[in-house]
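According to mature numbering (1 follows the signal peptide of the UniProt record, and there is no 0), the sequence shown holds residues -19 to -1, 1 to 167 in order.
Simulated from the structure, these hints should not be mistaken for laboratory data.
Please note: incorrect hints may appear among the correct ones.
[Stated by the list, open to error] Capping the alpha-carbon separation at 25 Å, the derived lysine-lysine pairs in BS3-like fashion look like this: (1) Lys25 to Lys108; (2) Lys12 to Lys25; (3) Lys3 to Lys25; (4) Lys75 to Lys16; (5) Lys55 to Lys12.
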Amino acid sequence: MKLTAFALLSLTLTAPALAKKKKDNRTNQQKCADKKKWGSGCVKAIEDFCNHENIMTPSTFADEGTQANVNGYKDVWCYAYIDSTCSPPVSLPKDVCFDQWWYQCQAADQYNGMYREVEYGPNACQKWQFGLTGNEAKFTSVVGGFKKRGVNGTGVEDLEEMNEEEVGEEEEVEEEEEEEEEDGEL
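Build out the structure end to end from the sequences listed, making use of the hints.
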């Protein structure tokens, strides 16, 4: 069988489109744990939060939330808490708790402080917040339970500021090196 140039070109262009996308059979919990840098601490924070007995929102526990150290990073913690305006208070079943947090963790951008904020509950009365915290030297305060406890959090803006500071420091060092080279040439 002889193929025309047009038929061959058509097959070449459509074959990749027909190829099936590899299905990811991992659970959201596994995807969360597989986050390269932060998974370990985030899994622990979620487990500590959802394994708490009789979670109600609002409550002191939900507002303060939980945090867990991220392996290998002395001053980096993953946090999970819920700001709530639900009236009357809403009970949070464990299975729902885990489902919501695992989804947030697997969907979080590990290069953006893992920060996620999603509203759930009747009339969106629960604001679920999840992300990374660090020491005061690097991060600004987040709203909610961690602010009350004096722990600081990071989000997109914090990481951008940190990156600008680091880039700015590198540029200053380069300028100093260039000035030293120019002084040496004179």
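Against the structure, the hints:
Distance hint between Lys25 and Lys108 is fulfilled; the C-alpha atoms sit about 20 Å from each other, no more than 25 Å. Proximity of Lys12 to Lys25 is assessed by CA-CA distance (about 14 Å); at most 25 Å being required, the pair is judged to hold. Of the pairs offered as hints, the one joining Lys3 and Lys25 is violated, with about 29 Å between alpha carbons and a cut-off of 25 Å exceeded. Of the supplied pair hints, the one linking Lys75 and Lys16 holds, its CA atoms being roughly 23 Å apart against a limit of 25 Å.
A distance of roughly 23 Å separates the Cα atoms of Lys55 and Lys12; the hinted pair therefore holds under the 25 Å criterion.
Consistency with the previously given hints fails for number 3 only.
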